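Novice: Okay, here's what each chain looks like letter by letter:
4 protein chains.
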Amino acid sequence: MYYIRDPIHGFIEINEWEKTIINQPEFQRLRRIKQLSLSDMVYPATNHTRFEHSLGVMHVATQMFDNIVKNEMDFLKNKLNYTESGLERERILIRLAGLLHDIGHPPFSHAAEELMPLKPDSVKDHYEHEDYSTAIIKNKFRRYIDESKFNDLKITADEVCDLLTKGPTSSERAFWRHLISGQLDADRADYLLRDSYHAGVNYGRYDLKRILRTLTVINEPETDNFSIGINKSGWHAAEGLIIARYQMFTQVYFHHTRRAYDNHISEAIKTLLESETKRSTFLPPTEKNLDEYLDWDDWKVGGLIKEGKAGLHGEIILNRQHYRRVYETKEVPSVGDLKEFEAISGEFKDRIGFIDTAEKSWYKVGDEDILISEEKSDSKYAPLSQYSSIVRNLVPNKQIRIYVPYENREKIKEQIEKYREEI
Amino acid sequence: MYYIRDPIHGFIEINEWEKTIINQPEFQRLRRIKQLSLSDMVYPATNHTRFEHSLGVMHVATQMFDNIVKNEMDFLKNKLNYTESGLERERILIRLAGLLHDIGHPPFSHAAEELMPLKPDSVKDHYEHEDYSTAIIKNKFRRYIDESKFNDLKITADEVCDLLTKGPTSSERAFWRHLISGQLDADRADYLLRDSYHAGVNYGRYDLKRILRTLTVINEPETDNFSIGINKSGWHAAEGLIIARYQMFTQVYFHHTRRAYDNHISEAIKTLLESETKRSTFLPPTEKNLDEYLDWDDWKVGGLIKEGKAGLHGEIILNRQHYRRVYETKEVPSVGDLKEFEAISGEFKDRIGFIDTAEKSWYKVGDEDILISEEKSDSKYAPLSQYSSIVRNLVPNKQIRIYVPYENREKIKEQIEKYREEI
Amino acid sequence: MYYIRDPIHGFIEINEWEKTIINQPEFQRLRRIKQLSLSDMVYPATNHTRFEHSLGVMHVATQMFDNIVKNEMDFLKNKLNYTESGLERERILIRLAGLLHDIGHPPFSHAAEELMPLKPDSVKDHYEHEDYSTAIIKNKFRRYIDESKFNDLKITADEVCDLLTKGPTSSERAFWRHLISGQLDADRADYLLRDSYHAGVNYGRYDLKRILRTLTVINEPETDNFSIGINKSGWHAAEGLIIARYQMFTQVYFHHTRRAYDNHISEAIKTLLESETKRSTFLPPTEKNLDEYLDWDDWKVGGLIKEGKAGLHGEIILNRQHYRRVYETKEVPSVGDLKEFEAISGEFKDRIGFIDTAEKSWYKVGDEDILISEEKSDSKYAPLSQYSSIVRNLVPNKQIRIYVPYENREKIKEQIEKYREEI
Amino acid sequence: MYYIRDPIHGFIEINEWEKTIINQPEFQRLRRIKQLSLSDMVYPATNHTRFEHSLGVMHVATQMFDNIVKNEMDFLKNKLNYTESGLERERILIRLAGLLHDIGHPPFSHAAEELMPLKPDSVKDHYEHEDYSTAIIKNKFRRYIDESKFNDLKITADEVCDLLTKGPTSSERAFWRHLISGQLDADRADYLLRDSYHAGVNYGRYDLKRILRTLTVINEPETDNFSIGINKSGWHAAEGLIIARYQMFTQVYFHHTRRAYDNHISEAIKTLLESETKRSTFLPPTEKNLDEYLDWDDWKVGGLIKEGKAGLHGEIILNRQHYRRVYETKEVPSVGDLKEFEAISGEFKDRIGFIDTAEKSWYKVGDEDILISEEKSDSKYAPLSQYSSIVRNLVPNKQIRIYVPYENREKIKEQIEKYREEI
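Chains as they are written, first to last, in our numbering: chain A, 107 to 529; chain B, 107 to 529; chain C, 107 to 529; chain D, 107 to 529.
Just so you know, the hints here were simulated from the structure itself, not pulled from any lab data.
Please note that the accuracy of each hint is not assured.
Identical copies look the same in the list; a pair holds intra-copy or inter-copy alike.
As the list claims (entries may be wrong) - Subject to a maximum C-alpha distance of 27 Å in a straight line, what follows is the list of computed BS3-like cross-link-like pairs (lysine-lysine):
#1 Lys376 - Lys415
#2 Lys415 - Lys176
#3 Lys244 - Lys436
#4 Lys384 - Lys445
#5 Lys445 - Lys524
#6 Lys415 - Lys185
#7 Lys376 - Lys455
#8 Lys315 - Lys260
Note that this is a predicted model, so its numbers are computed, not measured.
Hey, can you work out the whole structure from these sequences and the hints?
Specialist: Here is the structure:
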């Protein structure tokens, strides 16, 4: 056993097998991808990386798994016919999926996702980082998974990938996916606490220990699907998680300056892609493209920006001369607000640096809901929004913001003010 | 007033003038210099930068100054003839000195200090980052200090630099320097808390609030010098600071893997200097050299490493294949221990990757001591080591370690064991 | 200056004058009144007292005051004609009001408030602890306020009391009251953080530093009243405070076991009042009654319970054999839910221990709202609920619970289940 | 399983059996015994109780046990012939011993230990709280241990007591005692963190997680005894524990005002014993005396003080008019210092309130040392003091202080000053 010090979870335990995986260059690359892109331009201490987050997700996913097993042993054994070694197998899979779930992230995390190519035969669906993750796991990590000398239970890279994808499945055991990707997953559980810690803010915290203790498996009788949920006694803790996410979104993730840099870094990488590869997007996630894709990390991008190859947006980043927000709608714009925005964005089209909309952000308030069960492992359940008036009334943020170059900010702000009075 | 969120101090307040200085490219560069070099290879969350530390030092230095003024107003006014505006002037100077004290750091902080050139006419004295700091302040920031429109009190860049240098001075007011550089300075006060927080360890904390409350000015009657000290009632807090430093040193700063990467990154930068500039050191800190010097930051180094230009040590860094410690002396080696080391290092000369000694480290247990005063502003005082048996008995760490390349670690370790038995 | 260590605020500073007040027996008595009554029966570490809370309120109220002065100096000087010494005077008053606001609390804090007598000529209005606070300040502390040798500015006990009462006032300066009692007061600001800390929970935290920075004075043009509000840039921090309170309410203050002990201790004190004074209530807050009233503290009550004088409820408290909740409505009961409760409470009348309703609790979600100002000190403002969909949709908790004696809990629970199926 | 919220450890898990024990009146009494006596007179937030500490010790002892089992499974099975159920049995025993180790504390914790009677046939050995603990376990808890329906492994109360006593034992398994009482025990591990948290200080923290990970069993070859120790890689964490204790001692436990109240409360309880029982000590820990002994708790003492039955010292406590320190030696007095003290204490005999010596305190720096093992479960080991110069040079605090009544403090202080100059 090895132990890695982590400010969020104390020590993260890894075994010999996992250490082999972590030591691969493709995994070490995550040390060079900042978790929150350039948010350090606003919150200077947010320099944490996908590396520490990935360890954290593995750790929390394991805690979730262990608690479900503890809480629902009878159910798992009797209803789902799990044996001890069957559970041990799921545990290994979930740990690997947690560890590798972000392995396909482009430089500067989400900011560069806009530069992913279209999917074949599609005019609007782009690849996402999950597609790169699964491609990398299957092509680069298969030998360290399927062929590992530690692999007594014949785990496969494909199974790990199954836990990361959203496609259909006939498996009764597909509900474990929710631990990696869902309203109550280890990814979110980790990043909220971690981002909050590094930003140094008082929100983003929630009662992880109580959530762990009240995790359960829910049987939806109509569909006979299984799902991860929370026992009724923990519904306030689940509500707390949603609130934590809401607060981090409004005050950190969607901070107007942070969003400016999401745009600048995305533009800068686009320029660099063009200068280095003569393309304006990354290559699709096929085996032969992976080495080129993986070569892109924050160090490469940072080095090229320093060389002056990223043009205007590179300069802006080096000197923190970001575009300034000169106009924004309310968080939930009315029809009238949207009309006003349309008018302004039309009128000032030539002077606008870029327009940012919360909806475009990777970070959305989902339609999904957390299931709350009345009784252990029972089919009596209801969505959290039925319990919580806060969750029920949370409105997705649809704020739109207009940014202009630094040097024009005052002039254009004034012009917009004037224009608003006229219309 | 502007407020920057900081996980250590809550919010750091800056004024319009300071904002102008922070916005200069030379200062923004500090965002691209990691405070603890590659210590994230051991403590993955230690990705913090000189930028946030510099803000923190300004903040703590101000708190120290304000508390001394509060505690010693009579003394400052009557003995040192300070007026209100005289104190205001010192306060501005101390803030600027705190803010700019690290402006001359090379990439990856202390690791690259070994690559600084010799001073003129010297065969062993190298420039240090402080020399670059003062050169940069005088050449790059003079116009934002001396000529600033906010500079009502005719502050000069030279005065700021005076607070950063250790040379002789006839000024009665020279004791303020101790707030920036000394056993009890704002630099140390900030980095211990900050490094501890980001590493996620339980030590490195101490009672800053009590230190602030017991800060005082001490008049050394023999020399008639003034000095910053602590009132007797706070001596345990001062002892706590020394203990915090000791614990951070032994467990974080001098961690054997961390020290390996200090060596690797230093070697890598040396290779890069050679390939990019045909020199194996940085240029001396003269006006015409500063732009080249300042161009070196972590992004440039990282980018060049990614391009493969840093040779073996670059590869080691990218893939975390550092040299391994195969032998080390005790923390305080005896004469016999040192003899054994000499024998081994002679015998294995050709197989050794590098030798690291705690003494060579930037981080030393100093000879200096903290002064404890019996009475306020009085000349009755004694060094902390007279109060504290812990401080009195702290022994400088002189551990020596031998590292070898990853692939040979087991073989050589065995050979050394065998050799030790023979001698 | 004296400094008292506080886990929430670090050090709390008090001056010589305040120390005199704190040293009075009436103030030392607050050391013997637990802040959260018997909530340690659920959260074992919540043994904190009104003493530390009172210091905390003084401290936070001062921070709020100082920040408003910093943020709104022009407004205070020009619109409200404040001089330096006028502001200094308000500051002293606010500190004293914060310090003394809870001086009239009965034993075990809110639990015993039900035992306060009716006001003269009223059949339903009881005295509240604030009435005792003002009586005690006027009768016991006048000599340490009005006649204090430190009282250069002729502060009066009556003025301190003015800040604690809700009655009408013609004073333009009445808005300072909001710092002691209001949606955004120092009382709440302190107890949320303090109760959360001692309970060891992750909620109850909010961004006090940001609230401090965005505090402002709002001029309501219709009424020409002044009010304390928050600048628009801090509305999410204000929302965070409301959320913190909501979470503490649902999970700590209104915890079903905690509420059981509120009932038990209230009954126990009632029994003790009867046995010791032949009355079932405290005496009204008149001068001659105050000594008797002040004699009641947790030590006296605890001692009498130990002597066996508090009857059944005393025994229950000593041995933690509280009544158990056997039925409860939803947090927001529908008409049907209320009908069901009525039927059950009628049917089981003779078997019920007691009924608890959230509405009866001292802790209510108020009708008031926090004012958010568009511009500094301006008359353009809107309530927080217009900004925040969470605040807008918060529904007052009206849950009703039925408790029965420990030994009958299972039998009656079953009977109620059965009865519910029948009706 | 039940879960109790704890600010130090998150949640403390208890099972049905342990819950039965916790629910006994003798255990509930611990809620009414403050952990740090009247230290809230200095650190107002230190109102925590033996109840929460006892849960904490059980929790930490379990963590220690589990880690030793994890680290040393081979050793335990092969050298000590443990079976799975044998280990399970030790675990239950250690949990119960941790839970009940303080069950015999008198009111206000250590302060009243001076009032324990002499042991039979001894003129200087007093009973200690451990003697009461074992008597209470054997007489009051036997039926909830030996006869419990949950007791599948035939645990006995006597075995639990064995873990709490220091007497000789022939058992190879006696080393488990060190988890409850020793240099590295769960008692200390918990109280340092808990007292530090409630006091709100920055020291008293140490690296519990690393200690847990490096716990080991050491075989002392000369004696063939077993002992609990720390692997070499954790020696800095063990040193950190000793430092934490040192700092808590000097700044919290031995704070001069805190020690004054230890004396006052001890005197007050003595007065109460005399008035209530006509004896000046508690009764010896025999079966028939236990009910009377257990009747004494903080509530009883507090109630009697409030009734005025505790005389002068009771009044002093109610109004915080404690005796003041007018003289003290250095922490490590020289022979000359001791002579001076003797002279002063002779001269001022009639005017002295009381004399306090650090040596008399329950809290001593022990002779014992922590064992550090070179290899896992090996017989190569050395004491921590050989590794750590700090531990090696820690000097026991032998400070002596003279206190006088509040009203005479200035006069006597002056007289002592004068007298010192004369001698």
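Novice: Against this structure, judge whether each hint is valid.
Specialist: Hint check results:
no., hint, result
1, Lys376 - Lys415, "both (11 Å within a copy, 24 Å between copies)"
2, Lys415 - Lys176, "neither (55 Å within a copy, 46 Å between copies)"
3, Lys244 - Lys436, "neither (44 Å within a copy, 47 Å between copies)"
4, Lys384 - Lys445, "neither (39 Å within a copy, 61 Å between copies)"
5, Lys445 - Lys524, "within (16 Å within a copy, 58 Å between copies)"
6, Lys415 - Lys185, "neither (60 Å within a copy, 56 Å between copies)"
7, Lys376 - Lys455, "within (22 Å within a copy, 49 Å between copies)"
8, Lys315 - Lys260, "neither (32 Å within a copy, 33 Å between copies)"
The structure does not agree with the numbered hints 2, 3, 4, 6, 8 stated previously, though it agrees with the rest.
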